[in-house]
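Number of protein chains: 6
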Amino acid sequence: MHRLLITGAAGGIGRIMRQKLASLATIVRLSDISDLGEAAPHEEIMPCDLADSQGMRDLVDGCDGILHLGGMAGEAPSSQIVGINITGCLNLYEAARAHGMPRILLASSQHAMGFYRQDEQLDATMPMRPDGLYGLSKCFSELTAQMYFDKFGQETAIVRIGSCFEAPRDRRMLATWLSYEDFAALVHRVFKVPRLGCTTVWGVSNNDARWWDNRTANFLGWQPKDNAADHRDRIEATQPMPDRTSRASIYQGGPFVEKPIVHDL
Amino acid sequence: MHRLLITGAAGGIGRIMRQKLASLATIVRLSDISDLGEAAPHEEIMPCDLADSQGMRDLVDGCDGILHLGGMAGEAPSSQIVGINITGCLNLYEAARAHGMPRILLASSQHAMGFYRQDEQLDATMPMRPDGLYGLSKCFSELTAQMYFDKFGQETAIVRIGSCFEAPRDRRMLATWLSYEDFAALVHRVFKVPRLGCTTVWGVSNNDARWWDNRTANFLGWQPKDNAADHRDRIEATQPMPDRTSRASIYQGGPFVEKPIVHDL
Amino acid sequence: MHRLLITGAAGGIGRIMRQKLASLATIVRLSDISDLGEAAPHEEIMPCDLADSQGMRDLVDGCDGILHLGGMAGEAPSSQIVGINITGCLNLYEAARAHGMPRILLASSQHAMGFYRQDEQLDATMPMRPDGLYGLSKCFSELTAQMYFDKFGQETAIVRIGSCFEAPRDRRMLATWLSYEDFAALVHRVFKVPRLGCTTVWGVSNNDARWWDNRTANFLGWQPKDNAADHRDRIEATQPMPDRTSRASIYQGGPFVEKPIVHDL
Amino acid sequence: MHRLLITGAAGGIGRIMRQKLASLATIVRLSDISDLGEAAPHEEIMPCDLADSQGMRDLVDGCDGILHLGGMAGEAPSSQIVGINITGCLNLYEAARAHGMPRILLASSQHAMGFYRQDEQLDATMPMRPDGLYGLSKCFSELTAQMYFDKFGQETAIVRIGSCFEAPRDRRMLATWLSYEDFAALVHRVFKVPRLGCTTVWGVSNNDARWWDNRTANFLGWQPKDNAADHRDRIEATQPMPDRTSRASIYQGGPFVEKPIVHDL
Amino acid sequence: MHRLLITGAAGGIGRIMRQKLASLATIVRLSDISDLGEAAPHEEIMPCDLADSQGMRDLVDGCDGILHLGGMAGEAPSSQIVGINITGCLNLYEAARAHGMPRILLASSQHAMGFYRQDEQLDATMPMRPDGLYGLSKCFSELTAQMYFDKFGQETAIVRIGSCFEAPRDRRMLATWLSYEDFAALVHRVFKVPRLGCTTVWGVSNNDARWWDNRTANFLGWQPKDNAADHRDRIEATQPMPDRTSRASIYQGGPFVEKPIVHDL
Amino acid sequence: MHRLLITGAAGGIGRIMRQKLASLATIVRLSDISDLGEAAPHEEIMPCDLADSQGMRDLVDGCDGILHLGGMAGEAPSSQIVGINITGCLNLYEAARAHGMPRILLASSQHAMGFYRQDEQLDATMPMRPDGLYGLSKCFSELTAQMYFDKFGQETAIVRIGSCFEAPRDRRMLATWLSYEDFAALVHRVFKVPRLGCTTVWGVSNNDARWWDNRTANFLGWQPKDNAADHRDRIEATQPMPDRTSRASIYQGGPFVEKPIVHDL
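Protein chains in written order, with the working numbering: chain A, 5 to 269; chain B, 5 to 269; chain C, 5 to 269; chain D, 5 to 269; chain E, 5 to 269; chain F, 5 to 269.
Since the hints were made in silico from the structure, they are not lab data. Any given hint could turn out to be false.
Any copy will do: because identical chains look the same in the list, a pair fits if it lies in one copy or spans two.
[To be verified] Derived SDA-like pairs: lysine to any residue, alpha-carbon spacing no greater than 20 Å straight-line:
| # | residue 1 | residue 2 |
| --- | --- | --- |
| 1 | LYS263 | ALA188 |
| 2 | LYS229 | GLY59 |
| 3 | LYS263 | LEU40 |
| 4 | LYS196 | THR30 |
| 5 | LYS229 | GLU170 |
| 6 | LYS24 | THR242 |
| 7 | LYS263 | ARG238 |
| 8 | LYS196 | ASP234 |
| 9 | LYS229 | PRO81 |
| 10 | LYS24 | HIS267 |
| 11 | LYS263 | GLY157 |
| 12 | LYS196 | VAL266 |
| 13 | LYS229 | ARG219 |
| 14 | LYS196 | ARG121 |
| 15 | LYS24 | GLU79 |
| 16 | LYS263 | PHE156 |
| 17 | LYS229 | ALA188 |
| 18 | LYS196 | ASP212 |
| 19 | LYS263 | SER250 |
| 20 | LYS196 | ALA252 |
| 21 | LYS229 | ASP212 |
| 22 | LYS196 | ILE254 |
| 23 | LYS229 | GLY157 |
| 24 | LYS24 | ASP127 |
| 25 | LYS196 | ASP268 |
| 26 | LYS24 | HIS192 |
Computed from a prediction, not measured in an experiment: that's the story for all the values here.
Build out the structure end to end from the sequences listed, making use of the hints.
In structure tokens:
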């Protein structure tokens with residue numbers, strides 16, 4: 005790949021991917037509205053607001069692939085959900101359509117499916133059940149990707165990221181953890197397979213206690229290597245046992261299912 | 005029911021429902037941004053813009069049920085899709101939440117599923133495949149309804165309306181037609197069952213050639229009576245045979261799947 | 005058929021079937037622990053306690069078919085559930101095995117599945133979810149039937165009776181009603197098909213609002229004719245609207261899901 | 005339609021369709037190796053052996069639609085199955101490909117699925133289980149149709165004919181009967197829908213006791229009107245009760261499952 | 005956990021678990037009707053008959069978790085099946101309900117599903133098919149667990165134990181073997197997850213030839229480590245090849261499917 | 005096993021299996037129409053044309069197991085497909101039926117399913133979609149196997165071989181590769197399990213990117229050990245990226261889906 009665009013490159017996952025994906029393209033174009041620091045020799049820094057339609061077109065111009073991490077990465081008021089995540093998603097897909105439809109890896113979220121119970125096993129075909137406005141915006145993005153594929157042939161890997169951190173932090177992450185290494189390996193596979201289509205992947209490591217079945221994405225050849233169970237003893241020893249009757253314990257979305265809706269549109 | 009709100013009451017379906025649903029409530033509150041004419045004795049007219057958050061709260065106040073027909077009823081530029089349909093949907097659900105969560109019948113559309121083939125039989129659990137920005141906004145509305153049910157218990161009947169006209173107009177409507185009578189009967193059932201939950205119903209008459217299976221909504225007790233096949237001879241005699249290789253002939257969304265995306269946000 | 009045995013013939017359904025099934029066999033043998041009145045010319049009356057193993061063998065001797073309506077027909081203390089329904093079921097199947105394995109129609113109940121929600125559509129293959137000790141005894145009977153079929157070839161029609169009355173009595177019965185005529189027609193089909201196997205049938209009329217799908221039993225050729233919707237206006241006019249948040253409104257078992265367990269073994 | 009070809013037009017079903025389909029096309033071309041009698045004014049008679057590759061090309065030339073009834077219509081030695089049914093099928097599809105790919109209605113048979121049990125409900129997606137060489141040749145034909153659709157876009161309606169007679173003749177036909185009227189109506193629908201694709205239809209009337217579910221072919225708009233149950237009393241009064249433990253009673257293929265294989269290739 | 009109760013602690017599996025689970029609780033309360041030997045410092049010995057309702061209440065009092073291994077562990081006459089397994093199960097669940105509903109691991113058995121074929125792959129949602137009275141009592145226990153969860157919230161892990169021995173003993177156990185280590189690890193997971201619900205787990209090691217799919221129980225985080233294939237060469241060299249047409253070879257229940265029913269109630 | 009027959013023993017896979025399976029039987033009977041070289045001490049060489057019905061009977065006589073690799077192993081004109089593969093298959097099964105029904109491993113092919121997309125995950129129950137005449141003949145062979153099992157009890161392992169080579173050769177084989185070692189191990193399992201039935205197995209190694217799910221064949225105890233991903237770096241470095249819009253890139257059959265049909269019957 006000649007030029008890879010990373011949006012949201014100043015965020016928690018973006019900063020790590022910036023390091024790990026250096027080998028994936030000759031040039032890595034980084035974008036965010038926060039400060040991105042100094043560009044390395046193989047990097048280009050182009051700040052851009054997702055809500056700026058023309059700016060997004062310029063940003064995408066010349067790129068062969070896009071890792072779309074940008075947008076609000078958690079529950080937020082409706083003005084931001086609509087003004088940033090939803091508008092930004094439409095801007096991105098229109099920009100891609102205007103510039104040769106480079107392949108997109110769309111960072112979706114488990115919160116598009118947060119109202120399934122923790123004792124349910126999900127695959128990629130089950131109906132969406134978002135757990136708030138953030139989840140709703142991720143559903144919208146996934147469906148935008150599907151529509152641009154059906155209508156125009158735009159390829160996307162929809163990655164429903166679980167909990168992407170250095171290590172699992174609580175009992176729920178024994179199921180949902182995605183290691184940085186495994187995510188980086190997934191990004192590689194997404195941009196290397198001959199044909200991607202519009203494919204949904206659960207972004208989760210090879211955890212013993214995972215809730216999600218990735219069989220339909222086998223063709224990517226991605227096999228996550230890390231396993232949250234390697235951290236289980238530490239977590240079970242140090243983290244409090246949650247109340248099993250709370251909604252946060254019952255549903256996959258965890259604390260998100262209990263967050264309030266803030267509507268300020 | 006004491007007071008039923010109908011949004012979009014000046015639209016094609018709204019005008020008919022205004023007549024047919026008079027017996028459903030003591031007072032019918034009608035709203036639209038277009039002219040609604042004179043109020044009948046049992047009617048209240050309250051013009052309101054869906055994008056007006058406070059106006060929507062006032063509109064919903066005091067209502068026991070809502071028939072939500074408002075919004076752009078066909079493909080439209082992204083500014084209208086986001087500014088009216090998506091914003092309007094959030095305004096509606098927040099208004100309902102603020103005023104006792106009256107039951108909602110949400111007019112969704114077959115265009116939330118327009119990229120399935122015409123030789124596929126769909127049920128209510130299959131993944132969404134919108135055929136444009138309009139379809140995308142309907143998906144968003146359906147998922148908003150689901151989220152408000154999962155999170156707050158707000159009840160909604162999501163009705164994926166096929167083609168709601170006096171009679172079927174072309175060969176595709178032999179599958180998709182929904183008669184006015186059948187729709188009115190559905191509205192009655194939705195507001196009369198003891199418990200509704202968040203239920204998806206295909207808004208289609210009892211057409212021999214229907215593509216959609218409503219078994220999961222049986223509990224409503226709705227049995228459509230009309231059948232587009234009664235109009236088949238006329239239509240097959242007068243309507244041209246479409247090109248069977250066109251995308252409009254292949255996919256359920258028909259001409260919608262070929263409409264361009266206009267992005268003006 | 006030469007001789008049909010009806011157990012529980014003094015019960016609510018038993019008394020009606022005694023009248024309606026006279027033509028099904030040359031001799032109808034009636035059994036119950038309650039008084040059965042005078043025998044008609046084509047009838048034999050043989051009182052028998054289901055818990056009496058030897059008595060049951062005598063009762064079944066010489067019969068070509070069995071309509072097993074006997075046992076506690078509602079929630080009951082565990083001593084009766086075990087002592088009558090469970091013991092009686094084992095006695096019946098052993099008696100049948102000892103006497104040529106006459107075909108059995110086993111009156112099971114919707115309460116074997118009472119903890120599904122009222123907005124769920126069930127078929128015959130879904131896991132059992134009994135709503136109390138009575139439902140549990142019906143599950144046990146169904147599984148006994150299955151085991152005797154798998155092991156010995158004993159044929160049974162397992163009929164999960166909904167609400168078998170002269171007419172539907174409340175809103176829930178708009179879904180669950182089984183008319184006497186439809187049940188009698190089902191009994192006829194069960195004893196007339198060449199091969200029955202071990203087949204589960206939902207005992208429900210052709211109600212618009214039914215929750216249950218009988219497709220897997222199509223081969224019997226039973227098509228119920230009555231429809232609780234014909235009684236809907238009366239019921240919706242006269243019966244109070246239940247609290248939609250009560251468990252009795254949420255689950256198919258209705259009031260049974262709220263009944264206490266009485267354990268006196 | 006200008007010219008419809010009927011192969012096997014001298015056979016049992018062919019003779020009836022010759023009468024009933026006169027209105028379907030301006031010219032009906034009839035073919036068989038048996039005598040076809042006099043041509044009516046709207047008819048052309050062209051005898052042809054299915055095994056004659058060039059003859060088949062000539063036969064198909066100029067036709068807009070093909071009703072393919074030709075071939076051995078029951079169990080036969082392997083030389084005939086391969087030499088007539090399999091070879092004939094390949095000849096037909098190559099002839100169609102050479103002449104503009106006119107739409108084909110392929111007469112397949114329930115015997116492609118004869119080893120399912122009579123208490124199983126089948127749909128069009130279940131794995132094939134042929135009950136002999138004849139059934140095997142029908143499977144081959146169905147798969148040829150599928151391959152020519154996938155590879156070249158050739159449209160076919162695969163019709164798995166049950167028992168197509170004036171009236172049902174035995175207890176098994178209470179499930180499998182297809183009336184002449186219903187079959188003729190199906191032929192009409194197949195040639196009138198705008199897009200057919202490669203669609204499997206169970207050729208069965210609206211029998212109470214049918215084993216087959218046609219939902220996936222709803223889009224054709226075919227609703228069979230006849231019901232073998234109207235003949236049930238006569239059949240149950242006059243036909244002997246079969247031995248329920250025989251394979252012919254257990255499996256859908258009936259007596260075919262017990263026929264020997266004759267291998268003379 | 006403060007106090008874990010093990011019923012059936014003198015049985016084959018119970019004796020091993022007594023050793024392996026010492027670390028799981030501060031106090032392990034052991035119960036059986038057979039002799040349990042000396043109590044270790046961390047142990048309490050409380051003999052109890054499962055059929056003794058009051059005794060069972062006393063036994064459960066003060067326990068935080070229950071490993072229910074008690075009852076007849078193989079085919080038995082109906083008087084014992086009803087008097088011990090069924091009655092004992094009701095006694096246990098009532099005792100648990102009376103004492104704070106401690107979590108239960110219920111030892112069910114593959115014999116609840118013994119009449120599936122050995123070439124079928126099962127998951128936890130398939131209909132039960134018990135292979136005798138013992139299997140029937142296990143079905144009853146599973147459904148009791150489900151009912152107490154649906155009705156009262158009582159949590160249970162239903163473990164369908166395959167063949168729990170030191171090592172696999174015959175060819176069938178290449179599929180069904182559960183090692184002691186793997187079972188002990190499962191017990192740990194069951195009592196350590198924050199929320200259990202009512203979950204069915206196939207109690208089987210990670211055998212190459214296993215028949216059972218545990219995906220729906222992934223959330224427990226249990227990954228069995230042993231594999232019967234490590235014993236395959238020995239078994240295939242020393243164990244006779246069974247008759248492949250015997251029912252014991254065809255069905256998963258093995259020899260159980262051929263055992264007689266002894267009815268002595 | 006006393007005597008194993010290998011047909012097609014001079015072919016690409018046959019030559020390797022001849023070496024690897026020497027230990028599987030006392031005598032290995034090798035057959036082909038091509039030269040088979042010298043017989044080793046444990047070998048018998050019996051040239052035979054698959055189309056020779058009597059020759060095939062003689063060939064099978066005395067064998068306890070058959071590895072059927074013979075026939076055209078790629079796309080071919082219809083005369084060869086019918087004359088060799090289809091006729092040969094019937095000859096083989098009739099020969100087996102005449103001689104005690106020795107167990108058969110039938111080499112089928114992924115090309116029986118070639119028209120599924122590469123982003124679809126298949127299991128053994130999905131409808132066949134052959135990608136040409138070769139694929140069609142493999143479907144025919146699979147269904148012949150099924151029919152001989154249903155009708156006569158003949159056991160077969162239907163192995164849908166992916167790409168069986170020393171190592172994967174192109175990007176598509178990252179999904180489809182079957183190593184020689186894994187295939188040989190599968191042959192061993194097929195002939196060693198007590199009961200085989202008629203079972204479909206995907207012949208594919210444990211490749212990260214495999215498209216096929218073998219769960220339903222778990223009972224064989226076959227666990228492939230090789231993984232095409234071990235060759236991924238080499239292949240991705242040396243093999244050209246295919247055009248992602250070509251049918252060969254979209255469908256599982258790869259180049260086969262684009263091969264012409266040659267009809268010369």
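Hints, verified against the model:
1. LYS263 to ALA188: neither (30 Å within a copy, 37 Å between copies)
2. LYS229 to GLY59: For LYS229 and GLY59, neither the intra-copy (38 Å) nor the inter-copy (50 Å) Cα distance is at most 20 Å.
3. LYS263 to LEU40: This pair counts as neither: shortest intra-copy Cα distance 30 Å, inter-copy 40 Å.
4. LYS196 to THR30: Answer is within; shortest intra-copy Cα gap is 14 Å, inter-copy 48 Å.
5. LYS229 to GLU170: within (14 Å within a copy, 27 Å between copies)
6. LYS24 to THR242: neither (30 Å within a copy, 24 Å between copies)
7. LYS263 to ARG238: Close neither inside one copy (28 Å) nor across copies (44 Å); limit 20 Å.
8. LYS196 to ASP234: For LYS196 and ASP234, the Cα distance is within 20 Å only across copies (16 Å; inside one copy 30 Å).
9. LYS229 to PRO81: neither (36 Å within a copy, 45 Å between copies)
10. LYS24 to HIS267: neither (37 Å within a copy, 35 Å between copies)
11. LYS263 to GLY157: For LYS263 and GLY157, the Cα distance is within 20 Å only across copies (15 Å; inside one copy 37 Å).
12. LYS196 to VAL266: neither (40 Å within a copy, 32 Å between copies)
13. LYS229 to ARG219: This pair counts as both: shortest intra-copy Cα distance 16 Å, inter-copy 19 Å.
14. LYS196 to ARG121: Answer is between; shortest inter-copy Cα gap is 18 Å, intra-copy 34 Å.
15. LYS24 to GLU79: Neither way: LYS24 and GLU79 sit 27 Å apart in one copy and 42 Å across, limit 20 Å.
16. LYS263 to PHE156: Answer is between: at 11 Å across copies they meet the 20 Å cutoff, but 37 Å inside does not.
17. LYS229 to ALA188: The answer is within: 11 Å in one copy meets 20 Å, while 26 Å across copies does not.
18. LYS196 to ASP212: For LYS196 and ASP212, only the inter-copy Cα distance (14 Å) is at most 20 Å; the intra-copy one is 28 Å.
19. LYS263 to SER250: within (13 Å within a copy, 25 Å between copies)
20. LYS196 to ALA252: Close across copies (17 Å), not inside one copy (38 Å); limit 20 Å.
21. LYS229 to ASP212: both (11 Å within a copy, 12 Å between copies)
22. LYS196 to ILE254: Close across copies (15 Å), not inside one copy (38 Å); limit 20 Å.
23. LYS229 to GLY157: Neither way: LYS229 and GLY157 sit 32 Å apart in one copy and 37 Å across, limit 20 Å.
24. LYS24 to ASP127: Neither: 28 Å inside a copy, 36 Å across copies.
25. LYS196 to ASP268: Classified as neither; 42 Å inside a copy, 34 Å across copies.
26. LYS24 to HIS192: Classified as within: same-chain Cα gap 10 Å, cross-chain 37 Å, threshold 20 Å.
Consistency with the previously given hints fails for numbers 1, 2, 3, 6, 7, 9, 10, 12, 15, 23, 24 and 25, ordered from lowest to highest.
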